[in-house]
Amino acid sequence: LTSKSHVKPLSAFYAAKEKAMKKMVVLFFLFATVFAQTLTEDRAHEIIDGIYKGDFREAFATKNPDLFLKYIPDDFTSTLVDGQTFDATALRQVFPTRFANQVRLVEHNVTIEDVDVLSDDTISAIVTLYTLEEFSKPDGGTYFVTAIGTYRDDWQERDGQWYEIRGTQLRNQTITAPRP
Numbered sequence: 001l002t003s004k005s006h007v008k009p010l011s012a013f014y015a016a017k018e019k020a021m022k023k024m025v026v027l028f029f030l031f032a033t034v035f036a037q038t039l040t041e042d043r044a045h046e047i048i049d050g051i052y053k054g055d056f057r058e059a060f061a062t063k064n065p066d067l068f069l070k071y072i073p074d075d076f077t078s079t080l081v082d083g084q085t086f087d088a089t090a091l092r093q094v095f096p097t098r099f100a101n102q103v104r105l106v107e108h109n110v111t112i113e114d115v116d117v118l119s120d121d122t123i124s125a126i127v128t129l130y131t132l133e134e135f136s137k138p139d140g141g142t143y144f145v146t147a148i149g150t151y152r153d154d155w156q157e158r159d160g161q162w163y164e165i166r167g168t169q170l171r172n173q174t175i176t177a178p179r180p
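Numbering (the numbering used here), first residue to last: 1 to 180.
Among the hints, erroneous ones may be present.
[Unchecked claim] In silico BS3-like links for lysine-lysine, alpha-carbon gap of 30 angstroms or less:
#1 22 to 137
#2 53 to 70
#3 63 to 53
#4 63 to 137
[Claimed, not checked] Simulated restraints, written as ranges between beta carbons of each label pair:
#5 147 to 74: 24 to 32 angstroms
#6 75 to 142: 32 to 40 angstroms
#7 22 to 89: 44 to 52 angstroms
#8 80 to 114: 19 to 27 angstroms
#9 50 to 147: 21 to 29 angstroms
#10 158 to 45: 28 to 36 angstroms
#11 89 to 141: 33 to 41 angstroms
#12 160 to 82: 30 to 38 angstroms
#13 119 to 85: 21 to 29 angstroms
Simulated from the structure, these hints should not be mistaken for laboratory data. Each residue gets a CB set at the ideal place from its N, CA and C atoms; glycine is no exception.
Taking the hints into account, I'd like the entire structure generated from these sequences.
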């Protein structure tokens, strides 16, 4: 039993067994990575729909920028349709000023155009916002602003809270008209 002819077949057997185990481990991790996505597109759509039609709409209706800004993490970045970029600090400075002369929100509609769930459970959504707002003029009277914007926004869940990590403005159309 100790002759070299018996040792070789056992070594080959153990080498083949080890190779097969390595393949099984690699395949396990490959399948685990592919199927690790836990968020369905239906659930992602519900999450995005809830945020945009909930807190975001309420931020405009009640002039409360914190309802919007609580979803903006420090690493947020955004690109406007003209190529300008800004970060969370800039957004936190500018966004609250938009309510200074707002008289009222007349209409705020949200259409979720598309929702994709990326492999790391990032939600990537194309969203169109339509708002009609009334603003006061410095010299008295008011004017209306109609804005239509389409955005691709990427969202990630961190510690149980959803955050918009990236926004890309795809379309921006604004019409201003004096109050009749």
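Right, here's what the structure says about each hint:
Under the criterion of a C-alpha separation no larger than 30 angstroms, the hint pairing residue 22 with residue 137 is inconsistent with the structure, at around 72 angstroms. Between the alpha carbons of residue 53 and residue 70 the distance comes to roughly 15 angstroms, so the proposed pair stays at or under 30 angstroms and holds. Taking the CA atoms of residue 63 and residue 53, the gap is about 15 angstroms. The hint holds against a cut of 30 angstroms. Simply put, residue 63 and residue 137 have alpha-carbon atoms about 17 angstroms apart, close enough for the 30 angstroms limit, and the pair holds.
Restraint check, residue 147 to residue 74: a C-beta distance of roughly 27 angstroms satisfies the suggested window 24 to 32 angstroms. Judged by the Cβ atoms, the range 32 to 40 angstroms given for residue 75 and residue 142 holds: they are separated by roughly 38 angstroms. At about 48 angstroms, the CB distance of residue 22 to residue 89 agrees with the hint of 44 to 52 angstroms. The hinted window of 19 to 27 angstroms between residue 80 and residue 114 holds, with their beta carbons roughly 20 angstroms apart.
Separation of residue 50 from residue 147 is about 22 angstroms and conforms to the stated range, judged on CB atoms against 21 to 29 angstroms. With their beta carbons about 20 angstroms apart, residue 158 and residue 45 fall outside the hinted range of 28 to 36 angstroms. Between residue 89 and residue 141 the C-beta distance comes to about 35 angstroms, which sits within the given range of 33 to 41 angstroms. Between residue 160 and residue 82 the Cβ separation comes to about 36 angstroms, which falls inside the hinted range of 30 to 38 angstroms.
The hinted window of 21 to 29 angstroms between residue 119 and residue 85 holds, with their beta carbons roughly 25 angstroms apart.
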